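*Asks:* All chains, please: the whole structure from these sequences, using the hints.
There are 4 protein chains.
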Amino acid sequence: MSSFRFYHPIEVRYGDLDPQGHLNNARYLTYMEQARIQYIRSLGLWRSDSFLDIGIILAEIIITFKSPVLFGQPVRVGARVTRLGNKSFDMVYSIEDSRDGRELANGSSVLVTYDYASGQTIPIPPHWRAAIQSFEQLTEGG
Amino acid sequence: MSSFRFYHPIEVRYGDLDPQGHLNNARYLTYMEQARIQYIRSLGLWRSDSFLDIGIILAEIIITFKSPVLFGQPVRVGARVTRLGNKSFDMVYSIEDSRDGRELANGSSVLVTYDYASGQTIPIPPHWRAAIQSFEQLTEGG
Amino acid sequence: MSSFRFYHPIEVRYGDLDPQGHLNNARYLTYMEQARIQYIRSLGLWRSDSFLDIGIILAEIIITFKSPVLFGQPVRVGARVTRLGNKSFDMVYSIEDSRDGRELANGSSVLVTYDYASGQTIPIPPHWRAAIQSFEQLTEGG
Amino acid sequence: MSSFRFYHPIEVRYGDLDPQGHLNNARYLTYMEQARIQYIRSLGLWRSDSFLDIGIILAEIIITFKSPVLFGQPVRVGARVTRLGNKSFDMVYSIEDSRDGRELANGSSVLVTYDYASGQTIPIPPHWRAAIQSFEQLTEGG
Chain A
11 MSSFRFYHPI
21 EVRYGDLDPQ
31 GHLNNARYLT
41 YMEQARIQYI
51 RSLGLWRSDS
61 FLDIGIILAE
71 IIITFKSPVL
81 FGQPVRVGAR
91 VTRLGNKSFD
101 MVYSIEDSRD
111 GRELANGSSV
121 LVTYDYASGQ
131 TIPIPPHWRA
141 AIQSFEQLTE
151 GG
Chain B
11 MSSFRFYHPI
21 EVRYGDLDPQ
31 GHLNNARYLT
41 YMEQARIQYI
51 RSLGLWRSDS
61 FLDIGIILAE
71 IIITFKSPVL
81 FGQPVRVGAR
91 VTRLGNKSFD
101 MVYSIEDSRD
111 GRELANGSSV
121 LVTYDYASGQ
131 TIPIPPHWRA
141 AIQSFEQLTE
151 GG
Chain C
11 MSSFRFYHPI
21 EVRYGDLDPQ
31 GHLNNARYLT
41 YMEQARIQYI
51 RSLGLWRSDS
61 FLDIGIILAE
71 IIITFKSPVL
81 FGQPVRVGAR
91 VTRLGNKSFD
101 MVYSIEDSRD
111 GRELANGSSV
121 LVTYDYASGQ
131 TIPIPPHWRA
141 AIQSFEQLTE
151 GG
Chain D
11 MSSFRFYHPI
21 EVRYGDLDPQ
31 GHLNNARYLT
41 YMEQARIQYI
51 RSLGLWRSDS
61 FLDIGIILAE
71 IIITFKSPVL
81 FGQPVRVGAR
91 VTRLGNKSFD
101 MVYSIEDSRD
111 GRELANGSSV
121 LVTYDYASGQ
131 TIPIPPHWRA
141 AIQSFEQLTE
151 GG
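Chains as they are written, first to last, in the working numbering: chain A, 11 to 152; chain B, 11 to 152; chain C, 11 to 152; chain D, 11 to 152.
Keep in mind the hints are simulated off the structure, nothing from the lab.
Among the hints, erroneous ones may be present.
The list treats identical chains as one, so a pair stands whether inside a single copy or across any two.
Claimed, not checked - Below 25 angstroms or equal to it, Euclidean Cα-Cα: the simulated DMTMM-like pairs (lysine to aspartate or glutamate) are:
hint, residue 1, residue 2
1, K76, D107
2, K97, E113
3, K76, D100
4, K76, D125
5, K97, D125
6, K76, D63
Computed from a predicted model, the values in this text were never measured in an experiment.
*Replies:* Dropping the structure here:
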C-alpha cells in the first residue's frame, strides 16, 4: 500500500466521532467512498449530474484499522485501482495522517460495473479502462 | 445574516446525500455544528483534548432551507455570535456557495454554557465572553 | 404538543451518539424525518417506489432540545399535521421516552408540496388534503 | 454463515439511504456495530453506563454485499462469535430480510479486548469468555 497517484483530503467532522471520542468505524467506509468518487471524477469518468450514471456497485470491502483517527487530525485518503477485470475492478485505499503520511487504516474493495438502466452488470467501458490504465500505468493483465 | 468574520469550508460528501440526490436535511445541522466547533477552536476557547470540556449544549435550533445543496458544490458556513447572555448565547449560521456567497440555508441556535463535571449550567466564563466580544466587536449589551 | 394520533418508535443506535455520549443533535432531524415519512406512508399517501414521488420538501425546521437522549433509551416520535395551506403544510414532532411519554425534544417544520418532474411547487394534492384532514380531524381552515 | 443464536432487528431509515435509493454501504458497518453491541449487552457483558468500559476495538472488518437493502424492507442482523483467542475474538454477521431470512450481506470482524484506562490490549476477561462460550456452545479451542 506504498504509493498513490491520487489522494483526497478529508476533514474529520465532530459528527463523525462516536462516544469513544474518535472516528466511528462506519465513517472509514464513508471516507473511502468519498475518495473513490473523487478519483473517478478526477479521471473525467463521471460527467453526468445523475448519480445513477456512476455505474459501479460495491461487491466487497475489507478494512484494517491501525490507529484511531482523532478530531482535528488532518487526514487524506489514497486511492488506487490495482486490477481491471472484465466486469469488475479492485481499488485499494490508505487513510493517512496528512502531516507525515502515517497510515491509520487501509482497505480494499471489489467494484462491479453496472448499468442502472438495464439493471445488469456490464463490461468495464473501454474509455474507463483506457483512462485508468493510463493513470495508474497498469499493464493489460494488471 | 449579512457578514461573517468566521467562515468554515465544508466538503459535501456523497455520504451526506439522500435519495433526492442532494444534501440530506439532517446534515445541515452537522455542517453548522462543525462550523460552531471550529469557531470556538479558532478563538482559542477549546484547548483540551476532552470533548467533555467544550461546555456548551444546544438548547434550540432553527433552520431555513433556501436552495438544495449539491454534490461537488463548494460550500462554506458562516458562523457568528449575536448575543451573549448570562448562561447562554446565540449563534447564527449561513450555509453558502463559496463561489458567489449565495445563501443556501441559514440558521440560528441558542447555546447554554454547561459544566459537565457538576452537570449544571454555568455563567459564560469571563475569558469566553471577552474573546467573543473582541472577535465579534459586540458591545456589553450585545 | 399534547397528543398525537401517530407515533413511530426509533431505536437509538450507537452510531447516532457523539463524544458526549448521547444522541448527536443532527440525529434529531433524522428521527423527525423518519417519523414524517412513516406518517405519510401510514396514510397511504406514498405508494410509489420512487423517492422522487414523495413530493414534499423541507422549508423550515425548529427544534427545542429538552433532555439528552441516551443509548438504550426506548424512544418514540409523535408526528402531527397542524396546518394545511395551499402549497405548504406544518408538522409538529415530539421525541419522547416511550416508557413514560416524557418529552425529550420537540420540533416543528414547514413542508412544501413539490413536483419533482416539473421542478415546481404545487398545491397540496386533494387526496393528500382529504386523507390528512380525516386522520387529524382538522377543519377546513385548520 | 448458517444459523445464529442472536438476531437484532434494524429499521432501515430514510437517512440511511444514498442517491442510488438504497442503503449506503457505510451503514452496513453501522448495522453490524449495532448488532454487536446489542449482542454484548444481551449477554450481560456491558453493564456500565460508560462507553469507555466496552473494552473492545475493531481491528479488521470484511463485508460482502449481495443484494441492495431497500427502504421499508424489514431487516435483521445475525451476530455470532466464532473464535475466542487470547486478546482478540472473531464475530460474523449476516444482514437478512426478516421475512424470509434471505441474506443481503454478510461480514466478519476481528475484535481486540482493550483497557481504555491503561490504553493497552488485555486478555479477554474470564467472565466474557465463559459467557460467550456458554451462549455459543463453543469448545475451548473454538
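*Asks:* Which constraints among the numbered hints does this structure fail? Numbers only, ascending.
*Replies:* none
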